[in-house]
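J.: Take a look at the letters that make up each chain.
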Amino acid sequence: MRTLLAALLVAAATTAQAQYPNRPVQLIVPWGAGGGTDATARIIGALMEKELKQPFNVVNRTGGSGVVGHDAIARAPADGYTLGLITVEITMMHHVGLTPLTYKDYTPIGLMNADPSGISVRADSPYKSVKDLLAAVKANPGKFKASGTGQGGIWHLAIAGLLKDQGIDPGALPWVPSQGAAPGLQDLVSGGVEVVPCSIPEARAMIDAGKVRALAIMDDNPPALYPNLPTLKKELGTNWKIAAWRVIAAPKGLPADVQKTLAIALKKVYDSKDYKEFMAKQGYGTVWAGPEDTAKFMAASDANLGGALKAVGLAK
Amino acid sequence: MLHAYAQAFALVFDPYVLTVILCSALFGLFVGCIPGLTATMATALLVPITFFMPPVPAVAAIVTATAMAIFSGDIPGALLRIPGTPASAAYTDEAYAMTKKGQAEVALGAGLVFSAIGGLFGTAVMMTSAPALAEIALKFSDYEYFWMVVLGLAGAVFIGNASVLKASMSLLLGLLVACIGLDNPAGYPRFDLGITELKGGVSLIPMMVGMFAVSEILRFVVHMDPPLKLATEKIGNVFKGMWGLLVKYPWPLVRGSALGTVIGIQPGSGADMAAWMSYAMAKKFSKEPEKFGTGHVEGIVEAGAANNSALAGAWIPALVFGIPGDSITAIAIGVLYLKGLNPGPTLFINNPQNIYAIFLVFVLANIIMLPLGWLTIKAAKNVLRLPRNILMPAILLFCIVGSFAINNTVFGVLLTLVFGLLAFVLEENGFPVAPAILGVVLGQMMEENFIKSMIKSDGDVTAFVTRPIAGFLAVSTFIILFWPIGAWLWRRYFSRRNMPVAE
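Sequences listed follow chains L and B, in order. Going letter by letter, the first sequence gives residues 740 to 1055 in my numbering. Going letter by letter, the second sequence gives residues 925 to 1427 in my numbering.
Source of the hints: derived by calculation from the structure; they are not laboratory data. We put the CB at the ideal spot given by N, CA and C, even for glycine. Among the clues, some could well be false.
Chain L side only, calculated, beta carbon under 8 angstroms to chain B, not exhaustive [claimed, not checked]:
#1 ALA778
#2 ARG781
#3 GLY803
#4 SER864
#5 GLY891
#6 PRO922
#7 GLN925
#8 GLY931
#9 LYS950
#10 PHE1017
Okay, chain B solo, but in the shape it has when bound (with noise of 0.2 angstroms):
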C-alpha cells in the first residue's frame, strides 16, 4: 500500500497534472461564480478535453474544478443573493444578510474554510472506507429515499425566520411546480398548458435564478436602496476570525461534514439537497435558532461544509460500483470507463496507483482551493463598490446569459423572469422564496420514490416502515416533524402544574 501511494505521488506531482490542476481550478472558480453554470455543467465542458488527456489528469479536471465550483458559487450569492450554483441556495439568503449587516467577509471566509474543510473530511472518508460504505448504500431502496425526502422537507419549514404557516405555503407553491411535465412516474404529461418546452417541467435553475436575483433587482427598482456598506479597509482578512468559528461552531462542522458525505453516497442526491438538510439541521439544533436568516454564520459554516463533502461522497459508489452518486459523478463514470480505469472492486486492487492518485487530487484541490479562493473573493469584492444603478442592470444581463446557457432556450430565460416577479409579490407580503426552491428539488423525487415504493409493495403502506433501515427514518422524521408540538404539550402541562394560580 505504501508503495503504491508513493506510485500515487508520482503520478500526481507531475508539471503537467499540476497544470492541468491548476487550470481546472481556475476554470471551477470561474463557471461556479456565473449564475446558471453550475458544477455539472463545468464536468460536461470539461469531458471532451480529457479525451485528450492520459487517466490522472483527466480525473483530476474534473474533481478540482467541481470542488472549485461549488465553493465559488458562494460568492456571487453572499455579495449579490444569486447563488452560483444550486449548491449555495440554501444559504444565500443568510451570507446575503450578512453582507448587507457588513459581514461579507465572514460569510464569504466562512464559505471558504469550511468547504475545504468538509471537502477534506470526505475524502478522509473516501480514503478509508469506499468500498465498505458503498456497500451500505446500496441497501437503500425507495422507501428509505422516501424518508429521507420528507426529513429534508421538514426541515424546509424551519429555515429562515418567516412564519411556519406562510413557509409551507411557500413549500406547496414549490411542490406544485414540480408537478409540471412529463417526467413523472406515470410519464404522462401535467400541467403543460400544451407547450412543448413545458413537457420538460421547469428546470431548477431558471427558477431560482429569478427567484433569488430577479426579485433583488425589482425590489431595487422600486424602493431605491442605498447602496450596501461594506467594510472596505478589511481587504485581504476573509480569513480573520476564522479560527475563532472553529472553536465556536465544531459541532455544526462535523455534522455537516458527516451529513454531507452521508448525502453524497445516496445516488440521486447531491451537493443541493446535502446543503438544505444541514442548513435545516444547523437551525435545528443551534443555540440561537432565533439568528436564522438574519446573517448569522452557523448555518453557513455547517451548510458550506456539507456541500463540499457532498461532492466527495458521491465518488464512492462511482468508484466502487459504477453507480452515480450525483450528476458530476454521472459523467466522472463515463470518463472512468474511458480512460480504462473501469469502476468496481477491481479498480482498488488491480490498479491500486490510480486510485489512490483520485484520492490525493482531492486532497490538493481542496487545499489549493485556500489561496484561489482568497485571490477570486478578493476580486470579486470589488462588485460590491460600483454603484448600484450599474451593477443591477448588469446582474440582470448575467441572470439572462445564465439561464438562456442552461438549456439553450429562450424559453429559460422567459422562466426566469416569470418566477423572478413571482418571487417579489410573494416576498414584498412576508413569504420566504426559499422553500419553494426546495420543494422543486426534492417535490420530483418524493413522488417518484413514493410511487415506485407503492408499486414494489403493491400498495401496502405498511412497507415503509417494515424494512429496518426505512423504519429507523420514519421514526426519526416523526420526531423531528412533532418535536415542537409535544415540546408545546409538555411545557403547557408542567407549567399549569407549577403555576396553578397563574391563570
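Chain L with its partners taken away, still in its complex shape (with noise of 0.2 angstroms):
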C-alpha cells in the first residue's frame, strides 16, 4: 500500500521542487520480489531514505526477462523522484534484439555491486578441476548440458564465452533455460544437467551442504566467501572473466544538481556499515564507483557481452 500511495503522489506532484528530494522516491526494480537483485534494492533504499529523509519505496515491475522493469525507469519523468536499480541485463538484451533500450537510455548514479559467475559441478561428479571438465565437454560434444537462468543470460554467455575463449565450439555443451539459478542448482543436483556457471553466492548454500562443488570463479581474485577457490586465469592462463552487476540509476536527462545529490548520498550508503554487512552476509561483491566511472564501467560491460554474444552466435 505504501508502494502504491508512493506512485500516486509521484504522478500527482508537480515538478516544482524548492530542495531535492521533498517527496518521496520511487525505486523500481526489474526483477521479482526476493531475488537478490530486489534484496539489494531494499537495503540501498532503506540506507537512502536515512541519507536523504525521504521515504525510498522499492516498486517491482517484473517480467520479460527484465525488459518490462528496465523500461519503466528508462520511460519515467527525469526529475530525481523515480530511480531504479538497473542490471547487467540492459547491456545484453539490445544486442539480442529485445529492446532497443541501452545504458545510454539512464544517467547513471552509481555501480553498487557485482557478482562473477563461477562454475560449479555435482559433488560426486568425476571432475575436479575446471581443466578436466572442459576437456569432457570437448571430447563429447553435446553429452554433458548445463543450466542456471534463462536462454541468452548472463550464465548462459558466461560459459559459453568460456568454450568460445578456449577454442571449443559452444554447441557441445547444450544450455537448458532456467527461471534462475536456484532451479539450476536443483537440477544439477537431481542429475538433470552436469554444469551450472552461476554466482558463487548463488551456489553457497548447496556447496555448504555437500551437494555442489565450486572448481573456479570467472574473476581476477578468489571470492570472499571461499578463499581458495581458483580463478580461471590460474587454472586456464585465460583472462576470460563475467560478472552479473547492479547499478543506481535515474533516466536520462537528470539535472545536474539531483545527480550530485544523489551520488553523494548512494556513496555513503557504499560505505555504511549496514551496506557492507548486508552484503558480506549475503556473500554479495561489493564494488563502487561514480556517475562518470559507472557510465564507462557500463560501456565498457556493453562491449565486452555484445562482443562474446555475437561470438557465441546469440546476437542478433
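Hints in hand, dock the two standalone chains.
T.: This is how it looks when you write it as C-alpha cells:
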C-alpha cells in the first residue's frame, strides 16, 4: 500500500522542487521480490531513506526477462523521483533484439555490486578441475548439459563465452533454460544437468550442504566466501571473466544537481557499515564507481558482452 | 534435543516475539483479505522491517503473516467471489455458491478450521522429517515436474460441474494466454503485439481478479440480482458443525494436508497449485461428486487444508538446502542469510534452538489463527448486509486498486477489465472460468518442463517414463485421464452381457 500511495503521489505532484528531494522517491526493480536484486534494492532504499530523509519505495516491475522494468525506469520522468536498480541485462538485451533500450538511456548514479560467475558441478562429479571438465566437454560434444538462467542470460553467456575462448564450440555444452540459479542448481543435484555456471553466493547453500562443488571463478581474485577457489587465470591462463552487476540509475536527462545529490548520498550508503555487513552476509560482492566511472563501466560491459554474444551466435 | 527445545521455548515465548507474532498476524489477515495483495507481497513488505529485528522474531513475522494471509484469502472469496490470494482461487466458486445458499458460515468456518489443521499437519511433517524429505525432493527433475503439471491440468477439467468439453475449451484458452510474452524457454517474445508490457506476459493476479470479481459485478449490473440472504442470526457460530465435518471428511482432510505438504516441498509449486490439485482430487474421490460446484463443503475441507500445509512444506527445502519451495520462501531465504541462519544441514546441528523456535512459531501461528480468524470473519460478514448497489462499486474500486498494486502499472487495471468482460461472456454461455485460470498457472510450467526435458534427453521422448519416479507419475496420470473411458467401456461390456435383451 505504501508503494501504491507513493506512486500516486509521484504521479500527482508537480515538478516544482525547492530542495531535492521533497517527496517520496520510487526505486524500481526490474526483477521479482525475493531475488538478489530485490534484496539489494531494499537495503539501498532503506539506507537512502536515512540519508535523504524521504521515503524510498521499492517497486518491483517484473516480467519479460527484465525488459518491462528497465523500460519503466527509462520512460519515467527524469526528475529524480523515479530511480531504478538496473542490471547487467541492460547491456545484453539490445544485442539480442529484445528491446531498443541501451545503457545510454539512463543517467548513472553509482555502481553498487558485481558478482562474478563461478562454475559448479555435482559433488560426486568425476571432474575435479575446470580443465578436466572442459576436456570432457570437448571430447563428448552434446553429452553434458548446463543450466542456471534463461536462454541467452548472463550465466549462459559466461559458459558459452568461456568455451569459445578455449577454442571449443559453444554448442558442445547445450544450454537448458531455467527460471534462475536456484532451479538450475536443483537440476544439477537431481542429475538433470552436469554444469551450472552461476555466481558463488547463489550456489553457496548447496556448496555448504556438500551437494555441489565449485571448480573455478571467472574473476581476477577468489571470492571472499571461498578464498581457496581458483581463478580461471590460474587454471587455464585465460583472461575471460564475466560478472553480473547492479547500478543505481535514473532516466536519461536527470538534472546535474540532482545527480550530484544522489551520488553523494549513495556513496555514503555504499560506505556504511549496514550496507557492507548486509552484502557480506549474503555473500554478494561490493564494488563502487561514481557517475562518470559507472558510465564507462557500463560502456565496457556493453562492448564485452556484445562481442561475446556475437561470438557464440546469440546476437541478432 | 530436549534442552534445545527448552531454549527454543524461551526464544519464542518472549514478550517482544509474541508482540511481533500478533502484529504480523493482523497484518497478514489484512493483506490476505484485499484482492490483489498476496501472501508473497506481505512477505516482501515485511523484509525491510525485519532488517531491524533479531533472527527469531524476523522469521516469525514472515511465517505468521503468510499463514494468516493464505487463510484470509478465503474470506473475500466466499463472500464476494473475489479470491483474496491465488491460493483461494480453486474453491472460490464453491465457497461463493455456499454463501448464496445461506451457508457462508460453514464455508468460512471450514476454511478457517481446516486451514489451521492443514498448517499444523505440514508443520508436524517438517518437524519430524525435514532433512530426509528435502533429500527426496532433490531427486525430482523436469521429467517428474512435467507429469505433476499434467496431473494438475487433468484435474482442471473435472473441477466444477460444467461439461467436460466446455471446461477443456476454457483450459485451452488459459494455456493460450500462458503463451503470451517473453518468459518462455526460448526467451522469444510471443503474441506481444509490440507492446512492452505484454512482453512480461499476462500476470495471474489481474487476470484472476478480473475473471472472478469483475465478471460478477457485470452480472449484477445486467441481472440486478436480489441481495444475498444470509442467516445473520447465527453470528459467531463459524465453529458450529466443524466437528461434524471433521468426522464426516477425515480422508479428504488427511489427503489434502499430505498432498499440500508434498506440493509445497517441490520447488516452484506452492499453495495455489496445492489447492487446485487437491480440490480436483476431492471431487475425484468423493462419494457425491455431482454436488461439487453447487456449494458443497467437501472440496473446501480438502483444498483449504492443502494450501496451508503447502506453506509449511515449502520451508523444508528452503531450510535444508536454501532452495525455495515457493515464492514466499524465496524471499525468506534472503532473510535467513541476513540473520546468520544460513540454510543448510548445519542449521539443524549448530543452532538447533533457532530451528526449533521456527517450528514452534509455525505451531503458534496456526493456533492463533483460530481466534483471530474468527474475529476477522465476524467483522467481514457485515459486508454482506450492505446494499449491493453500494457494495458492487466499492468492490470494483478494490479490484482496480489490487490490480494496480501488483505491478504498479495501469496495464494491470486494463488486463483486469478485459478479462472481466471475457469471463462474463464465457460464463453467460456456460463456460467455467476456473480451468482458464489454472491453464495460466500451469501452462508456463508445463512448457518449460517439457522443453527442458527434451533438451536434456536430446529429443528422446522415452526419457519421460524411464526414470522410476517419472514412470510412476506417468502411469498415475494415464490412469486418472483414462479412468472415465475405461469405466464407461467396462459398464457397457457388462450391461451388454447381463442384459442382452435390453435392446
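J.: Now tell me if each hint is right for this structure.
T.: Here is how each hint holds up against the structure:
For L:ALA778, the interface hint holds, since its Cβ comes within 8 angstroms of a Cβ in chain B; the closest pair sits about 5 angstroms apart. The beta carbon of L:ARG781 comes within 6 angstroms of a beta carbon in chain B, closer than 8 angstroms, and the hint placing it at the interface holds. Here the hint on L:GLY803 is kept, as its CB sits about 4 angstroms from the closest CB of chain B, short of 8 angstroms. Violation of the interface hint for L:SER864 is found here, the shortest Cβ-Cβ separation to chain B being roughly 15 angstroms, above the 8 angstroms cut-off.
A cut of 8 angstroms between beta carbons decides the hint on L:GLY891: the least distance to chain B is about 5 angstroms, and the hint holds. Of the supplied interface hints, the one on L:PRO922 holds, with its beta-carbon coming within about 6 angstroms of a beta-carbon of chain B, less than 8 angstroms. Evaluation of the L:GLN925 hint against chain B yields a held restraint, the C-beta minimum of about 5 angstroms falling below 8 angstroms. About 4 angstroms separates the beta-carbon of L:GLY931 from the nearest beta-carbon of chain B, less than 8 angstroms, and the hint is met.
With 8 angstroms as the threshold, the beta carbon of L:LYS950 comes within range of chain B, its nearest partner Cβ sitting at about 7 angstroms, so the hint holds. Annotation: interface hint on L:PHE1017 holds; nearest CB of chain B at approximately 7 angstroms, less than 8 angstroms.
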